[in-house]
Amino acid sequence: MISAPTRARLRFAAGCHVLLLPSMVLLLTFVYLPVAWAFVKSLYRFEIGGQAEFIGLQNYIEYLTIDPPTWPSMLNMFLLTAFAVLTRLTVPLVVAKLIHSLPAERTRYLYRVGFLVPIVVPGIAVQLLWSRLIYSDYGMLSETLRFFGLGDWTRGWLSDPHTALAALMFMGFPFAGGFEILVYYAGLSAIPESVNEAAALEGCTGIRKFFRIDVPLVLSQLKLILVLTVIGGFQGFEGIFVLSQGGPGFRTMVPGLWMYYNAFSYQRMGYACAIGVVLFAIIFSLTLFNLRYFRSAEEIQGHTS
Amino acid sequence: MRPKLARGVIHGILLTTLALTLVPFFFMVNSALRESSEFYHGTFAAPRALRQLGRLGLDAVEGRRGPVVVTDEFDNPRTVPRAEAARYYASRLTVGAELAWDLLRRYILNSFLVSGLTALGVCFLGSGTAYLLARYRFIGRKFVFTFILATMIFPGVLTLVPSFLLVKQLGLLNTYGSMILPYIAGGQVFAIFVFKSFFEGLSEELFESARLDGAGHWSLYWHIILPLSRPVFSVVTIMNVLGTWNNFLWPYIVNTDDRHHVVASGLYTMASSTMSSNPSTLYAAWTISSIPLLVLFVYATKPFIRGLTSGALRA
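Protein chains in written order, with the numbering used here: chain D, 678 to 982; chain L, -13 to 301.
The shape of chain D in the complex, shown without the other chains (with noise of 0.2 angstroms):
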C-alpha cells in the first residue's frame, strides 16, 4: 500500500504536471514530433500525397556520394561562415572598444543606438534591398565605379560566376552589427576599473592594451558571437535564397537551400529529411566540441581576472 503522505506528495505531482501539460503538448507537437520525423522519412522516398517507399539510406548514400551540388554547396557554406565569422569578430569588436574609449556616455549611448537602427529593418526587406539597390545593373555598386571611371569594372554582381559568392559574403558590409557592438560593449563594460588602473600604470595603452588585455577579457563574447555565427552560417540560406538562389549554376549553392529546393521545388520530400539530418550531425558535433572548448575558455579567463 502507498502511504497517505506519498500518496500527497503523488497527488501534488499530478496537478503539477497536468498545468504543465499545455507547454508539454505543444513541445512533443511542434518540436518533437517533427525531430522523429526528421529521422524516419529520411529513410524513405516520397512525395506529398504519393506513396512512401521505404528505402533505407539511400538518400544519405545519394547525397554524400553522387549528388553533384553536395560537395561545392559544403565548401560555399564553410567559406561563408569562414568570413561571417573574421568579420563579425573583427570589425564590432573595434567599433566597441572605439565607442568604449569615448569619455561622455552620452556620446557613447548615441553611438550605440545608431549602429543599432538597422535592426527595424525587416531582414527580407534588408536582402532585397541589396539585391536591388545594390548588386543591380544601376546600383549603387556599379554606380559609384562609373563615377570613379571605372565603368569596365562593373558587372552582374549576383549572376556572375565570379563574384557571386564574394557579393553574399560582402552583404552587409561594413559589417559593423548594431548587435555584436552591444555585446561587446557589455563585455568591455564588465572589465573591472582596478584591471585598467593597473594596466595604465604599467604603461600598457593603445593598441597593447587591446591586445593584451581586452581582447582576452571579452573572449567569452567573441565565443559567444562565434557560436552563434557559426550555427546561423550552416543552417541559414534566406539571404542566398533571395539574393542568388543558389546561382548562377552551384556557386552560391548551400546544403540548407539545397535541402528547401528537394522539398519545395523537386517534391523529394525523403532526400530534403536527409539532408537535414547530415546538416544536424554537424552543427550537433560543433556543439559538443565547443562545449568541450568553452570550458577551457572559461578557464582562461579565471586565469587572467
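What the hints contain is simulated information worked out from the structure, not anything from laboratory work.
We put the CB at the ideal spot given by N, CA and C, even for glycine.
Treat the hints with care, as some may be off.
As the list claims (entries may be wrong) - Think about it this way: if two alpha-carbon atoms lie no more than 30 angstroms apart in a straight line, the pair counts; the simulated DSS-like pairs of lysine-lysine are: (1) D:K900 <-> D:K886; (2) D:K774 <-> L:K154; (3) D:K774 <-> D:K886; (4) D:K886 <-> L:K154.
Said to hold, decoys possible - Away from chain L, derived, C-beta distances all over 12 angstroms, residues of chain D: (5) I738; (6) S871; (7) V872; (8) F918; (9) G924; (10) R969.
To be verified - Covered stretches of chain L (chain D as the covering partner; in silico rule of three or more C-beta atoms under 8 angstroms from a C-beta of chain D): (11) 81 to 89; (12) 181 to 192; (13) 204 to 215.
Using the hints provided, position chain L relative to the given structure of chain D.
What follows is chain L alone, placed relative to chain D:
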C-alpha cells in the same frame, strides 16, 4: 593636444563606419519617394517631385508668381497655377507609398495578429510553466525541465521540412495557426528559461508571508509574480516579437495563398510578382515595413536592447 587629436580620429572612424552602415537605408527612403519612371537613371538622384517642390519654394522666397509649367512622369508639359503645381508634386511624392500601403495593409494586420498572439501565448505559457518549475518541488520536475531545455539542441534546419509536413497533415496550411502554434511551441522554451531564473531569484519570505495571509497558488502568481516581473515580461515580449516579425521563410512556406501572409513573406511575394517592375512601390513597402519596429525601438529603447542581448543566450 594629443588626446584631443586621438578623439577626433575616433569620431572620424566611427562616423564614417556609421554612415556606410546607414547609407543603403537612406537611399531606400530616397527611392521610396521617387516615381518608378525615374529609376532608369540616377540611382543617387533626389526624387524629382522633391526637387520640383524645392524649386517652387525657392521661387516663392524670391517672390516669383504666376502660372508655372508642370511636367508629369511622361514629360508631358502643362501650365498651371503655382499652388496647384505644389499640390501636384506633393501628391507625386507619395505615389509609391500609397500603392505599397494598399498592398501592405493586410500583411501588417496579419503580422500584428501573429506576433501579438504569439507573444501573448509565450508570456502566458512561459511564465506559468516557469513559475511551477521555479517555486514548487514535485516529482518529475527535473525531468520536465531537461525535456524543455533539450529542444534547444535541434536546429531549425532539421525540423523545417518535417514541420511543414506536420502542419500540412494537421490541415493548418493557410491559417494563422500554422504560424502561431509552432512559434509558441518553440518560443516558450527560451521564455521559460528567462522567467525561471528570474522567479528563482525572488525571496521565499515574500511567498511565505503571502501564504500566511491565505493566498492560494493562483493568487501568488497573479499578485506577487506578475507585478514584480513586469520588466522580464517586456524583455521576453520584445525578444519574441523581433523573432516572429522577421521570420520570412516559415510564413512563406506555409502560406500558399495571399490571405495570411505576414509582412516578411508578403514583401518577398511582392518583389517576385508583377510589382517587381514598380520599384517605387517596393522601396516604399520596405520603408513602411520598418516603421512598426522603429516605433517600438524609439518607444522602448532600453527593454529593446535588453531583449536583444538576452536573446543572444538562446544558442
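What hint numbers does the structure not satisfy?
2, 4, 8, 11, 12, 13
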